[in-house]
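Taken in sequence, the protein lines are chains A and B. Numbered continuously in this note's numbering, the first sequence closes out at residue 413. Numbered continuously in this note's numbering, the second sequence closes out at residue 172.
Honestly, I wouldn't trust all of these hints.
As the list claims (entries may be wrong) - Some chain B residues near chain A, calculated using beta-carbon distances under 10 angstroms:
{"hint": "1", "residue": "Ile-76"}
{"hint": "2", "residue": "Ala-128"}
{"hint": "3", "residue": "Arg-135"}
{"hint": "4", "residue": "Ile-138"}
{"hint": "5", "residue": "Ala-151"}
{"hint": "6", "residue": "Tyr-157"}
Worth flagging that the hints you see were computed from the coordinates, not collected in a lab. Every residue, glycine too, gets a C-beta built ideally from N, C-alpha and C.
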Amino acid sequence: MISLMVFLIILGGGTAPIITDLTNTGIISAEAIGDDEAYGIYNDEGTITNLTNTGTISGTEYDVGSWKTNSHIVNFNNLQSALTYNDRLPRNYSTIIQGNNYGQLFIEGTPTESTYDGYGSESLEKVSNIAKKYCQRSTDKPQACLLYSIQNKDGTVNILWETSVREYEQEFGAGNNSKTTEPSPDDNKVVAAASGSGFFVSNTGHIITNHHVIDECKAVKVNFKGDEIEAKILAIDKTNDLAILKANINPSKVFAISNEDVSLLQDIIVAGFPLGKRVSAAIKTHKGSVSALAGFGDNYSNFQTDATINQGNSGGPVMDHKGNIVGVAVALMSAEAGQNIFFAVKSSTLKTFANSNGITFLPANNREMSNAELGQLITEGTLFLECWMTVAKIKQIIAQEENRKAFYSEHQ
Amino acid sequence: MNFNISKILHLAGTIFLISLSIISTLLAEVDDKNVNNPRGTTITNSSDGYAVDLDNGDSFTVINSGTINSSYTGDTIKAETTGGNNAYGIYNTTTTINDLTNTGTISAESSDDDAYGIVNDRATINGLTNSGTIKAVAADDIAYGIFNYIGGWHRTHYH
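Build out the structure end to end from the sequences listed, making use of the hints.
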């Protein structure tokens, strides 16, 4: 009833601004050089529907803000930028409804569960948030709180809150901000928590992936031709972020490893399952070239590329046009830090690690493959990996600053 | 803010970028017209801060592959609406834009007041696709890339 009344008030009062189908693949930015506010997108008593952002939306204070009374963002798919939802007013009637947020989600004010009872109050519904979440980025506002989780598969809002990081650290000391205020009875349940990619390097089922893909998993499952097959972890290299797995599979296609490391400007192909199977279950490929022969912080066991790597690509193959592995997808820099900066572990690093653990690879291919041949190799040799862990472990990892896993939305 | 579609308003400002095969052209502010701004062309307004001003209640299409830029650097110019000397890349008020596609640059810069890349004020934009850059820079006040705003009309109570 309240909702209806509000709707009528809107109609009777004037014209609220509407933007439909806002798609950004470029840059929307706002910069306040002085000491003032800057908003990439400021939604003030308006409605934005179907907001899709795969580019950069940034403001020096807020990236995307939905503010004040009757401000609504409906159906959004935000891959990068921070989304700020303001509930500071006592009866806000603002909503963020139904969307996937892979960026950070900030909640301002002092939210309590009672303010989300859905009756005349603000609502934040059916929002899947994939990345880490913070209540506030500003340290000068004391009423911060860390949004722990929003889950709404069954239509109900389920929000778990943590105390603010700052308040928590004052109480419990720095370095431990994983306290939850509402432990769930399902915490010991083992569920599919996150995904990554991997690839076969032997016809007896040896698989290469990143260490962070399988780290702290209770079980690692390989999706192969419709079956879920549990893989055994044979060896790990935490420093170089590599892991060797073995599954009881005899693949028809396996990757060979290049004899030489990449060279600058060399064309490469990245394959894997970016964003899990959220976009589609099909394997994805991206082409690009080698941008630098070192990774972040002069890490020469990595190289930099402009071939797109997203969360979920981790552990996937990076190959040349002969189908030889030249790298293992491992990391990306945030869009805020720079555009198209992605990293892979060099094949020489992989070889050293694998040879030290008794794994030898197929000899490198000498001729260039056709697209059809490459496509077949990629399709049959690349794997979707799932990390299974307890709900309690998921919560703990999500709360950690350095989490790099691509968790499924229902766990966020 | 009279509309003038003169192809080369500022002849002296015409620049030929031979190496890029682009002829750079400056155009004056666009007022209540469809916009199809090609690559290499700049629609600019540094006098009153409105580069593309759509405020007559009609429907428009805005396609920008070039640059739409407004800047405000002085303190003696009177802006058309209240609010001081703001800079607006596109100011859409009480009108409808049925397609706003930007593959170029829409920017607003203000030295002493607010800067707005795109303002949608009591208006509707049906489809805003940006693969270029929408930018607002305010030296001394608030900056908004896109401002979806209910304008001067404010509710005062809820019952």
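Status of the hints after comparison with the structure:
Interface restraint check for Ile-76 of chain B: the shortest CB-CB distance to chain A comes to about 15 angstroms, outside 10 angstroms, so the restraint is violated. Given the 10 angstroms rule on beta carbons, the hint for Ala-128 of chain B holds: about 8 angstroms separates it from the nearest Cβ of chain A. The criterion of a C-beta within 10 angstroms of any C-beta in chain A is met by Arg-135 of chain B, whose closest approach is roughly 5 angstroms, and the hint holds. With a least beta-carbon distance of about 5 angstroms to chain A, the hint placing Ile-138 of chain B at the interface is held under the 10 angstroms criterion.
About 5 angstroms separates the beta-carbon of Ala-151 of chain B from the nearest beta-carbon of chain A, less than 10 angstroms, and the hint is met. Checking Tyr-157 of chain B against chain A: minimum C-beta separation of about 5 angstroms stays under 10 angstroms; hint holds.
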